[in-house]
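*Asks:* Chains as they are written, first to last, in my numbering: chain A, 586 to 858; chain B, 340 to 663; chain C, 196 to 527.
Everything labelled a hint here was simulated from the structure, so no lab data went into it.
The C-beta atom is built at its ideal place from N, Cα and C for all residues, glycine as well.
There may be inaccurate statements among the hints.
Claimed, not checked - A few chain B residues that don't get close to chain C, going by computed Cβ distances all over 10 Å: (1) A383; (2) L402; (3) S410; (4) G417; (5) A477; (6) D521; (7) P539; (8) F557; (9) L559; (10) A560; (11) I566; (12) Y575; (13) A579; (14) L648; (15) Y650; (16) D653.
To be verified - Short, incomplete list of chain B residues facing chain C, as computed with Cβ under 7 Å: (17) R496; (18) H564; (19) P578; (20) P609; (21) P613; (22) A645; (23) P654.
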Amino acid sequence: MSSEFMQPLIRVESVSKYYRHRRILSSGHIVHALNGVSLSIAPRSTLALVGESGSGKSTLALCLACLERPSSGKIWFGGRDIATLAENQMRAVRPQIQLIFQDPASSLNPRFTAFEIVTEPLVLQRRWKGRQTREQGFALLERVGLSAEMASRRVGEFSGGQKQRLAIARALSLEPKILILDEALSALDCSAQARITNLLLELQSSFALTYLFITHDLAMAAHIADEIAVMNRGRIVERGDPQKLLDSPEHEATRRLVAATPQSIITSRMLGA
Amino acid sequence: MRFMLRRVAHAAFLIFGASILTFLFASLAPGDYFDEMRLNTQIAPETISALRARYQLDRPLPLRYLRWIDSVIQGDLGYSFSYNSPVRPLLWVRARNTFFLTLVATLLSWGLALPIGVRSAEYLGRFPDSLISWTMAALLVIPELSLALGLLLFAARSGWFPTGEMVSVDFSSLSLVHKLQDLVLHMTLPVLALVLTALPLLVRHVRAAIADVLDAPFMLAARGHGIPRHRLLYRYALPAAANPLISLFGFSIGALLSGSLLVEVVMGWPGLGPLLVEAILSRDLYLVIGGVLLSTLFLVIGNLIADLLLYWTDPRIHADLVAK
Amino acid sequence: MGAGNFEPVLEVRNLHVAYLSRASVPSSVIVDVSFDVRSGEILGVLGESGSGKTTLAASLLRLLPSNGKIQHGSITFRGQDVLQAEPRELESLRGRRIALINQEPSVALHPTMRVSDQVDEVLAAHDHLSRKARREKLQQVLAALFPTETDRISSSYPHQLSGGQRQRVLIAQAIACGPPLLIADEPTASLDPATQREILSVFENVRRRFGVAIIFITHNPSLLAGLADRVLVLYAGRIAEFGPAENVLFHSLHPYTRVLLGCLPPSFGATAASRKTKLPVISGDAPNLDLLSLGCRFEPRCEDRFEYCRTREPVAVSPANEHVVSCFKFGR
């Protein structure tokens with residue numbers, strides 16, 4: 586799937602984000618969460634963003650989802666720079682870029698039922714009327730593999746994997762163009778991770794979705810992505826085809842990540858055995 | 340440093356605002372001190388107006404306020420008509436008495452509330468907790484007035500405790516030990532009234548704060564390390580639950596001068612309470628304002644202390660990250 | 196690598212643990228679990244969420260929540276019966292003889308106590324040493340885990356430390372009193388791979404240097420390769436498989452173990468053709484432990500099931516030396 590000839594769906598141009606760490610007696614020092622990040626994602630593709638903790642991955646995700654404003658730089662989406670939009674204009678853009686967080690327990694209200702979770706955005710956005718909302722809600726739940734009888738159960742009763750499916754269903758209700766998954770699989774067991782990964786692959790083709798898959802699990806990234814970008818200290822240091830990146834990493838940070846991945850030992854031996 | 344300065348400036352602003360409001364309300368209340376005199380037909384109206392003019396009660400409000408502020412800054416809080424003395428020494432003596440009473444009561448309340456609350460939280464839902472909760476609920480229901488009157492009645496009937504005043508008439512002639520004894524005897528019932536009224540609220544808060552913390556993962560981890568029960572409660576749980584309690588403690592300090600009014604008036608403790616009541620009833624302007632302002636000062640200082648304590652005891656507040 | 200002598204430090208026999216629901220209906224979480232831990236070995240416990248692994252860890256120190264009950268079985272630590280121990284004995288057991296690391300490092304440390312104080316508390320609770328001796332020991336332990344920056348870390352508060360550093364503090368607390376057994380429940384769950392590697396090597400060092408036996412509980416099989424001496428696979432509160440790590444991980448017998456290991460994404464050495472293909476998954480949902488069942492708990496999701504798997508529960512058999520599996524495929 587060559588992406589060079591397609592117009593990118595979203596393009597980040599030299600985005601930076603600073604935080605000032607204030608101390609009481611000193612003037613404080615500045616933390617550069619993002620330092621001139623540029624990247625682009627082709628439509629219907631998956632870009633995996635990998636890096637150590639603190640490399641700025643989550644900050645970038647928040648900026649892309651319009652939940653944080655970059656200190657400088659541009660983000661091109663749908664022909665506009667969404668980094669500098671006014672609040673009311675941003676409201677129109679946000680449904681198109683959805684974010685799935687790592688911990689579904691804290692991003693979903695445990696007292697809500699699954700049905701309420703999935704239809705809340707629809708109700709708030711007033712896209713559908715009454716009965717259509719209900720139908721849409723059930724359809725979405727089914728699409729992510731949650732049966733209709735689960736719709737009336739409270740979120741608190743769900744397993745980790747089920748909660749993430751719910752979060753995905755909720756995100757899908759707004760018909761987004763791009764889904765940002767910020768370590769969305771990290772808190773799950775291996776088998777749940779595999780199932781959600783399969784679900785994501787399925788959804789990508791049927792809903793024509795674009796994914797930004799943020800993770801520190803290089804093996805999963807290599808499996809699911811068309812392209813991998815490596816972040817280190819707020820910058821993109823390497824980017825390219827997953828296999829090439831893993832076989833011959835160029836940048837120091839990439840090498841460290843490859844060396845740290847424990848998966849290699851088991852899978853290589855399993856494939857051998 | 341910036342944090343402290345901001346807080347202090349905020350406090351100063353509050354006190355200033357309070358002074359304006361107090362002055363305004365006190366002055367706007369219909370009539371003044373000399374109205375009582377008007378009823379007395381023997382005193383000529385001219386004398387009254389002359390007196391008024393002398394005390395400048397006929398000047399417009401803003402002017403009076405400015406003069407008053409000016410003198411306050413110089414340390415002169417005005418003059419009391421009914422007691423015929425400058426306000427400051429009057430307030431000082433009474434405030435000192437109130438202080439005495441409430442300080443002891445506050446320390447005692449907290450000293451009791453902490454272990455009771457901790458025990459309640461430890462046995463949450465079980466018999467000791469239910470017993471404590473019901474007792475506290477019962478205390479909460481009894482109005483302060485009834486409690487004070489009840490204790491007063493008890494003192495009068497049994498004769499074990501004096502029924503008013505801070506010290507006996509022959510106080511100055513007693514030996515030191517007897518002086519102390521005398522003071523304690525006089526103080527017991529008012530302190531008891533204050534403690535019993537304050538206890539339910541404090542215990543409830545301590546219980547809630549500790550119960551919240553007992554379920555925290557770090558408590559379970561500490562238990563897993565074999566930390567003994569007593570230490571778990573007082574060295575681990577209490578400090579972690581301290582934040583809301585410190586704020587509450589700040590309020591306790593703030594109420595040192597203002598919370599005991601009812602008890603003082605009913606039980607005859609010569610403190611700020613009875614003084615203020617008298618002053619309000621007789622429209623003794625400067626006394627009223629001085630008293631209210633002093634109480635406000637304490638309230639604000641109490642809050643300030645709570646903020647500072649919170650800042651010093653919780654290391655997490657030191658680090659704050661603000662996005663540019 | 197390799198265990199010390201084969202003398203068992205912990206012996207668990209026929210353990211049954213259940214939780215009581217509000218209606219006092221017991222729901223079995225651990226069923227008939229028997230295993231032993233040898234002195235100085237690292238035992239890996241492999242279990243997904245819902246397998247009962249955390250309950251197992253808590254049971255070993257009798258730290259179950261109020262609605263948890265150990266119904267049956269025995270837990271013996273170096274000859275001492277844990278289940279019959281008096282409260283005071285239990286308190287001295289915990290931390291001093293068996294240490295438990297069982298929570299997210301970010302919440303397992305007291306928020307307003309310095310690191311040195313927190314480790315010191317553990318020492319003070321058990322060893323009745325003089326102040327001076329205790330301070331020396333504290334210094335030793337902290338230096339073992341934080342070879343550089345010892346002083347800075349020891350006077351820091353938890354919120355000033357990174358995830359990996361906090362985990363080291365937990366390990367310091369655990370080994371402070373020199374316990375022969377350490378139980379670590381998902382110690383690397385919230386850490387990124389580089390830090391995970393670090394912490395794994397910390398555990399190895401600790402075992403090598405202090406001869407501590409470690410029960411390492413995780414849901415990620417790749418962490419156990421190269422670390423654990425023996426591996427125990429837990430499914431629905433029962434032992435599916437138990438044996439030397441080499442055998443269990445690379446020559447797995449139980450259908451569950453095989454399919455679990457197959458879920459891992461292939462990458463290194465995989466061809467581009469397998470990219471973006473569906474991963475093999477375990478069909479069906481996790482077992483509902485509230486429902487009673489007569490047969491093998493894995494049967495509904497098992498590819499190799501027989502007729503009688505539904506009606507009879509498999510017992511543990513030992514097809515190879517030291518390798519135990521509970522599956523009808525290997526014997527009745």
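*Asks:* It remains to establish, for every hint, whether it holds in the given structure.
*Replies:* To see whether the hints hold, each was checked on the structure:
1. A383: 71 Å, holds
2. L402: 53 Å, holds
3. S410: Holds, because the least Cβ-Cβ distance between B:S410 and chain C comes to about 47 Å, which exceeds 10 Å.
4. G417: Given a closest Cβ separation of 47 Å, the condition holds.
5. A477: The assertion about B:A477 holds, with a minimum of 29 Å to chain C.
6. D521: 44 Å, holds
7. P539: 28 Å, holds
8. F557: 5 Å, violated
9. L559: 7 Å, violated
10. A560: 4 Å, violated
11. I566: 5 Å, violated
12. Y575: 6 Å, violated
13. A579: 6 Å, violated
14. L648: The claim holds: B:L648 sits with its nearest Cβ about 13 Å from chain C, beyond 10 Å.
15. Y650: B:Y650 clear of chain C: closest Cβ-Cβ about 12 Å, beyond 10 Å.
16. D653: 6 Å, violated
17. R496: Interface hint status for B:R496: violated (49 Å vs cutoff 7 Å).
18. H564: 4 Å, holds
19. P578: Nearest chain C Cβ about 6 Å off; hint holds.
20. P609: Nearest chain C Cβ about 43 Å off; hint violated.
21. P613: 43 Å, violated
22. A645: 17 Å, violated
23. P654: With Cβ-Cβ at 5 Å, under 7 Å, it holds.
Hint violations for this structure: numbers 8, 9, 10, 11, 12, 13, 16, 17, 20, 21, 22, all remaining hints satisfied.
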